[in-house]
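Student: Each chain is listed here by its residues.
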Amino acid sequence: MARLASSRWSIVLGLAIVIAALPFLFPSNYYFRVAAIVNIFALAVVGLNLLMGYAGQVSLGHAGFMGIGAYSVAIGSAHFKLHGLLAMLIGAALAGLVAFLVGRPILRLKGHYLAVATLGFGLLISMALANEAAWTGGPDGMGVPRLEILGYRLRGPDTWYYISGGALLIGVILALNLIESPTGRAMRAIHDSEIASRVAGIDVAAYKLRIFVLSAIYASVAGSLMAFLNGHITPDGTAGFLRSVELVTMVVLGGMGSVVGAIVGAAVLVILPQALTIFHDYEHLMLGLIIMVSMILLPRGIVPSLLARLRGGGA
Amino acid sequence: MSFPLLETDNLSIAFGGIKAVDSVSLTVQPGKIHSIIGPNGAGKTTLFNLISGLYQPSSGRVKLGGEDVTGLPPEQLARRGLSRSFQNLQIFFRMSACDNVMVGRHRHEKTSMLGHLFALPSVRAENARSRDLAMGLLERVGLAGVANKEAGSLSYGALKRLEIARALATEPRILLLDEPAAGCNAIETEEIDRVIHDVAKSGIAVLLVEHDMRLVMRISDHVLVLERGKSLVSGTPETVRNDPRVITAYLGTFGTEEANRA
Numbered sequence: 004m005a006r007l008a009s010s011r012w013s014i015v016l017g018l019a020i021v022i023a024a025l026p027f028l029f030p031s032n033y034y035f036r037v038a039a040i041v042n043i044f045a046l047a048v049v050g051l052n053l054l055m056g057y058a059g060q061v062s063l064g065h066a067g068f069m070g071i072g073a074y075s076v077a078i079g080s081a082h083f084k085l086h087g088l089l090a091m092l093i094g095a096a097l098a099g100l101v102a103f104l105v106g107r108p109i110l111r112l113k114g115h116y117l118a119v120a121t122l123g124f125g126l127l128i129s130m131a132l133a134n135e136a137a138w139t140g141g142p143d144g145m146g147v148p149r150l151e152i153l154g155y156r157l158r159g160p161d162t163w164y165y166i167s168g169g170a171l172l173i174g175v176i177l178a179l180n181l182i183e184s185p186t187g188r189a190m191r192a193i194h195d196s197e198i199a200s201r202v203a204g205i206d207v208a209a210y211k212l213r214i215f216v217l218s219a220i221y222a223s224v225a226g227s228l229m230a231f232l233n234g235h236i237t238p239d240g241t242a243g244f245l246r247s248v249e250l251v252t253m254v255v256l257g258g259m260g261s262v263v264g265a266i267v268g269a270a271v272l273v274i275l276p277q278a279l280t281i282f283h284d285y286e287h288l289m290l291g292l293i294i295m296v297s298m299i300l301l302p303r304g305i306v307p308s309l310l311a312r313l314r315g316g317g318a
Numbered sequence: 069m070s071f072p073l074l075e076t077d078n079l080s081i082a083f084g085g086i087k088a089v090d091s092v093s094l095t096v097q098p099g100k101i102h103s104i105i106g107p108n109g110a111g112k113t114t115l116f117n118l119i120s121g122l123y124q125p126s127s128g129r130v131k132l133g134g135e136d137v138t139g140l141p142p143e144q145l146a147r148r149g150l151s152r153s154f155q156n157l158q159i160f161f162r163m164s165a166c167d168n169v170m171v172g173r174h175r176h177e178k179t180s181m182l183g184h185l186f187a188l189p190s191v192r193a194e195n196a197r198s199r200d201l202a203m204g205l206l207e208r209v210g211l212a213g214v215a216n217k218e219a220g221s222l223s224y225g226a227l228k229r230l231e232i233a234r235a236l237a238t239e240p241r242i243l244l245l246d247e248p249a250a251g252c253n254a255i256e257t258e259e260i261d262r263v264i265h266d267v268a269k270s271g272i273a274v275l276l277v278e279h280d281m282r283l284v285m286r287i288s289d290h291v292l293v294l295e296r297g298k299s300l301v302s303g304t305p306e307t308v309r310n311d312p313r314v315i316t317a318y319l320g321t322f323g324t325e326e327a328n329r330a
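Protein chains in written order, with the numbering used here: chain A, 4 to 318; chain B, 69 to 330.
Just to be clear, a hint being listed does not mean it is correct.
Selected chain B positions facing chain A (in silico; Cβ < 8 Å) [as the list claims (entries may be wrong)]:
1) 159
2) 179
3) 222
4) 225
Here are the in silico distance ranges between beta carbons for each label pair [unchecked claim]:
5) B:224 - A:112: 46 to 52 Å
6) B:254 - A:173: 32 to 38 Å
7) A:17 - B:266: 54 to 60 Å
8) A:113 - B:216: 26 to 32 Å
9) A:292 - B:84: 36 to 42 Å
10) B:221 - A:274: 48 to 54 Å
11) B:178 - A:173: 22 to 28 Å
To give an idea of the interface, some chain B residues facing chain A are shown, with a C-beta separation under 8 Å as derived from the structure [what the hints assert, rightly or not]:
12) 98
13) 120
14) 170
15) 171
16) 174
17) 234
Read the hints as simulated data drawn from the structure, not as lab findings. Beta carbons are placed, not taken as given, at the ideal position from N, Cα and C, and that holds for glycine.
Bound-form chain A, shown alone (with noise of 0.2 Å):
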């Protein structure tokens, strides 16, 4: 026990001190923003890891809940006036009820037909954010009014960095403390045997329920975030089926059942697009071609394998 908690502590620990040094590395405004942009990638894949790497369900259509995320804060500050933090906590809500009612019954469906059943309600989020233009702007998107806090405008990707950090870092608290729970327990049980749970006395459905809604809220929340930051959203680039699909990579290349895998998934996809231009045509082979090389060598994702190499047990 002491040594589940102390570990823990250092995973949280390790993470706070890296989003409060990394700064002094950074020479310019854009690396706030990738850094930014880092954070709340990984703060919506330690959610959809949880559903995946723990729970062992899988989601393609988890931008749709990122979508809700987003266009709740820029539909609710610009059109109904609402102050943009209670735009978000009501977007999270939303994403929550969404995930419930549509959580119910394709989560009955197993492997590849539950990817296919989220995938398609992935899809069906993004074609009415890009279909509804009187409230969201359509294809185009739509402006996000500033988030205004005690008269105090928020703006600049350096605030953002550390606002998105503490997200972050608030995510993983709440995740490692879940997992390390009977909630925690109950899941990746479910995960292994689904008989066995429920022999148990585990109710599987519920408890596949209450994960994809958590999971939906951490996207959510990550899409206000996103919508904050960028000051500007379109369905496709918060909702969009490459987004899932994006979400689902970081998932599987940081490593499934990892936290901390999680947030390197998330990093090494946001930054290597954007380290990668140097090679310009070449930039997207590139890509593939290191995520694929990647998964060859470290196939259980990086830190997952990385952490096995180092104990000796190979990957």
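Guided by the hints, dock chain B onto chain A, whose structure is given.
Tutor: Same frame as chain A, but now just chain B:
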């Protein structure tokens, strides 16, 4: 004779016209070991799956502690005190041995998911309690030494005992064990023998499917022989051992002649 803890009344299930379990009635008393034997394909595991809620019976009833529980799902039966192990292991392979057993504590853990997210002191206390109980059970089945090892790295015999420990963690009133000694060596079988004895002595009813006849005859209070889904003979180990129909069921008519000659 005390009140029966588990009763099945003419329990049947058919798969595509074939009656895998056909009108089986049995009663299990608290603290007693009730074994089910029979040739391969006799319907022993199917009967277990019916009783533990994994299959829905075509007809017949299951009563647990006097309450009709026919058709209830396994998670509801777990809350009413029924637990089981599996013939083909159902282990949480990526979790530690201790965590596997802690999952068995699930129905006794009362804190909410919101509490779990914030790691409230009540949750930490509950975690510690579950861990202590799990460690005690691992000790009881002789696995305390591997508590923190990933279950996937344990031997087959250890996993069999791990399943029993996990089932016991639910604090069942009745425990269904499906071939707990299959694939175990003599020492491991002896250990399982001892564990089953202890379990029954603590007042838990045990329903056992097992192929190791020496084990069955040694520890059972009551034996039921199934053949092609039907109950063939039922009684004390002695009655069953000496019943010619049982020998026929296992060895065929030719075998009976051989046995008689011997």
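Student: Now look at each hint and say whether the structure bears it out.
Tutor: Going down the list of hints, with the structure as the test:
1. 159: 7 Å, holds
2. 179: 7 Å, holds
3. 222: Check failed: Cβ of residue 222 (chain B) comes no nearer than 14 Å to chain A, outside 8 Å.
4. 225: For residue 225 (chain B), the interface hint is violated, since the closest Cβ of chain A sits about 18 Å away, which is over 8 Å.
5. B:224 - A:112: 46 to 52 Å: 33 Å, violated
6. B:254 - A:173: 32 to 38 Å: Check failed, 55 Å falls outside 32 to 38 Å.
7. A:17 - B:266: 54 to 60 Å: 46 Å, violated
8. A:113 - B:216: 26 to 32 Å: 31 Å, holds
9. A:292 - B:84: 36 to 42 Å: 52 Å, violated
10. B:221 - A:274: 48 to 54 Å: 36 Å, violated
11. B:178 - A:173: 22 to 28 Å: 26 Å, holds
12. 98: With a closest approach of 20 Å, the residue 98 (chain B) hint is violated.
13. 120: Constraint on residue 120 (chain B) satisfied, holds at 7 Å.
14. 170: 6 Å, holds
15. 171: At 5 Å from the nearest chain A Cβ, residue 171 (chain B) passes the 8 Å test, so the hint holds.
16. 174: 5 Å, holds
17. 234: Holds: closest Cβ of chain A sits about 7 Å from residue 234 (chain B), inside 8 Å.
Consistency with the previously given hints fails for numbers 3, 4, 5, 6, 7, 9, 10, 12, ordered from lowest to highest.
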